[in-house]
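Guided by the hints, dock chain B onto chain A, whose structure is given.
What follows is the residue order along each chain.
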Amino acid sequence: MKLKQMLTMALAFLIALSFSGLSFANNLTDIVKRGELRVAVQSGNPPYAFIDKNGDHTGSMIEFTKGMADAMGVKLKILDFDWDGLIPALLSGKADILAADMTPTLKRSLKITFTDPWIYVQPCIFTRTDKAYQTLEDVNKSDVTVGVLLGSTGENIARTYLPNAKIKAYKGGGRMIVQALVAGHVDAGVNDDLAVLTVLSDFPPNSVRLLDKRLGQGKDPLAFAVRHEAVNLWQWINLYFQTIRSSGEYDRNIAYWMEGIDWKKDH
Amino acid sequence: MDGNMLADFNFRIIMEYLPLFLHGLGATFLISTASIFLALVVGVIACACRISQIKYLKYPAIAYIELIRSTPLLVQIYFFYFGLPTLGVRIPEIQTGILALMLNSGAYIAEIIRAGISSVDEGHIEAGISSGLNYVQRMRFIILPQALGATIPPLLGQAIVLVKDSALLSLISVAELTRCGQVLTSERFMPTEAFLTVAFFYMCIYFVLKSLADWSQKKLIFREVY
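Chains as they are written, first to last, in numbering that gives the first Met the number 0: chain A, 0 to 266; chain B, 0 to 225.
Simulated from the structure, these hints should not be mistaken for laboratory data. Think of the CB as a built atom: it goes at the ideal place given N, C-alpha and C, for glycine as much as any other residue. Any given hint could be a false lead.
Away from chain A, derived, C-beta distances all over 10 Å, residues of chain B [unchecked claim]:
{"no.": "1", "residue": "15"}
{"no.": "2", "residue": "21"}
{"no.": "3", "residue": "28"}
{"no.": "4", "residue": "47"}
{"no.": "5", "residue": "50"}
{"no.": "6", "residue": "56"}
{"no.": "7", "residue": "62"}
{"no.": "8", "residue": "67"}
{"no.": "9", "residue": "120"}
{"no.": "10", "residue": "123"}
{"no.": "11", "residue": "131"}
{"no.": "12", "residue": "141"}
{"no.": "13", "residue": "145"}
{"no.": "14", "residue": "148"}
Restricting the straight-line Cα-Cα distance to at most 30 Å, the calculated cross-link-like pairs of lysine-lysine (DSSO-like) are [to be verified]:
{"no.": "15", "chain 1": "B", "residue 1": "217", "chain 2": "A", "residue 2": "3"}
{"no.": "16", "chain 1": "A", "residue 1": "165", "chain 2": "B", "residue 2": "163"}
{"no.": "17", "chain 1": "B", "residue 1": "163", "chain 2": "A", "residue 2": "93"}
{"no.": "18", "chain 1": "A", "residue 1": "3", "chain 2": "B", "residue 2": "218"}
{"no.": "19", "chain 1": "A", "residue 1": "3", "chain 2": "B", "residue 2": "163"}
{"no.": "20", "chain 1": "B", "residue 1": "209", "chain 2": "A", "residue 2": "3"}
{"no.": "21", "chain 1": "A", "residue 1": "74", "chain 2": "A", "residue 2": "52"}
{"no.": "22", "chain 1": "A", "residue 1": "106", "chain 2": "A", "residue 2": "76"}
Chain A extracted, bound-state conformation (with noise of 0.2 Å):
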């Protein structure tokens, strides 16, 4: 009877993973054909990529990826994700093109291949307005909690720069970590500036600060990924941002969506 049971959940197990390494096709022409682009996004995350008050998905990287499906002549597929979901997403193949505010790291880059980087942005500190951290000395200390998005490479820099600080990493979303800080849970967070910037204008004002201090090595570019071999949509969104660049609406893109929260207004 035990032995039985034993060998059913052993065969369960076995066809659980027969269906892990499911084969699949991928280049620019499937996805013409398909008429459809599907993007992987974190949505959770303006003003990258996130749900407006009307329920529909908007954001900086939403527009851009509007623009390539436009651009394609097809339809364009919003795939949500939690940020550890984002990569699978790809690989899996349910998406075509990973879309979040992902900075290549090499060992991200074993994965999946990066695009160029669209925007530099920088990570920093930031904590309850009634703390008294000035330096990242004072925030580098063992009874300090500061809150991270798991597998970000906010993560990796608090790590990094706050060796001696207690870190406890959430999924969800930049505002996650505000809502920690709010609620009490951890001293201080680690995000990129404008991702803190939007997420901070939904709260109370003056309840959160940034710290002078910028972390990592200052600039900390983002990119679109695709999967490896995407040779020609990799290089395919390469001349797209180009050809947006000299275009102008790149730059338009930027202003609104990354140089104030007037956005807000409309969405």
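Frame of chain A; chain B shown alone:
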């Protein structure tokens, strides 16, 4: 990436992350055990209040049970974690998790026990009354032995649900089993390896629970009930 799935399956990564997984397994096990035990206590008390004739006990119990059963566990976890601090109550992650799982399962367990008690044949109770047994004696010798027999299978089901529900605690940064899978996924981008391993460990916990329930059913309960 195509073809043979077993060849693509990276066992080396699993071995490398095994200490993390075992740590997560321990955390899931401890959180679940504590929650199940506390939920049983909460459930028994809530059930006792629910079937009591005193309205100051009965209506709060009904309110608690219905409130919990009508809202998702995730909402309850988020409320305890992010909502309570604004009311001045701040509880650390693991305790928040145990509290949420305990209150959540407690409501279901209360209803399971109530169903078990009401499943006892009316005639048996009447027979008890005519034999001169008082309320406590009727509970002890007639109702509970039969009710327990009927409740053990659904209680086991609830315990298994609780173990699996503990995966939601990964969302408030508790380092339990599912979170370990998320860590491996976010560090090495190998969701297949990560979550099959996680699934395997959940299966192990399920096995332990199931054996425990089988054993308790044989040892503790009248066989005649079945």
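Verification of the supplied hints:
Distance to chain A confirms residue 15 of chain B as a non-interface residue, since its nearest Cβ pair spans about 14 Å, more than 10 Å. With a least CB separation of 18 Å from chain A, residue 21 of chain B remains clear of the 10 Å interface cut-off, as annotated. Look at residue 28 of chain B: its CB is around 18 Å from the nearest CB on chain A, clear of 10 Å, so calling it non-interface holds up. Separation of residue 47 of chain B from chain A is adequate, the least Cβ-Cβ distance of about 35 Å exceeding the 10 Å criterion.
The claim that residue 50 of chain B is not at the interface with chain A holds, since no C-beta of that chain comes within 10 Å of its own (minimum 37 Å). The claim that residue 56 of chain B lies off the interface holds: its Cβ sits roughly 33 Å from the closest Cβ of chain A, which is beyond the 10 Å cut-off. Non-interface status of residue 62 of chain B relative to chain A is upheld: no Cβ of that chain comes within 10 Å, the nearest being about 26 Å off. With a least CB separation of 22 Å from chain A, residue 67 of chain B remains clear of the 10 Å interface cut-off, as annotated.
Distance check for residue 120 of chain B against chain A: the nearest CB is about 32 Å away, which clears 10 Å, and the non-interface claim stands. Its beta-carbon lying about 33 Å from the closest one in chain A, residue 123 of chain B satisfies the requirement of being farther than 10 Å from that chain. No beta-carbon of chain A comes within 10 Å of the beta-carbon of residue 131 of chain B; the shortest separation is about 44 Å. At roughly 33 Å from the closest C-beta of chain A, the C-beta of residue 141 of chain B stays outside 10 Å, upholding its exclusion from the interface.
Under the 10 Å C-beta cut-off, the non-interface status given to residue 145 of chain B relative to chain A holds; the minimum distance is some 27 Å. Once the 10 Å rule is applied to beta carbons, residue 148 of chain B is consistent with being away from chain A; the minimum gap is 21 Å. Between the alpha carbons of residue 217 of chain B and residue 3 of chain A the distance comes to roughly 20 Å, so the proposed pair stays at or under 30 Å and holds. Distance check on the hinted pair: residue 165 of chain A and residue 163 of chain B sit about 28 Å apart at the alpha-carbon level, within 30 Å; holds.
Restraint check: the Cα-Cα separation between residue 163 of chain B and residue 93 of chain A comes to about 26 Å, which is no more than 30 Å; the hinted pair holds. Proximity of residue 3 of chain A to residue 218 of chain B is assessed by CA-CA distance (about 23 Å); at most 30 Å being required, the pair is judged to hold. Proposed proximity of residue 3 of chain A and residue 163 of chain B is supported: the alpha carbons are some 24 Å apart, at most 30 Å. The straight-line distance between the Cα atoms of residue 209 of chain B and residue 3 of chain A is roughly 15 Å, inside the 30 Å bound, and the hint therefore holds.
The straight-line distance between the Cα atoms of residue 74 of chain A and residue 52 of chain A is roughly 22 Å, inside the 30 Å bound, and the hint therefore holds. Proximity of residue 106 of chain A to residue 76 of chain A is assessed by CA-CA distance (about 28 Å); at most 30 Å being required, the pair is judged to hold.
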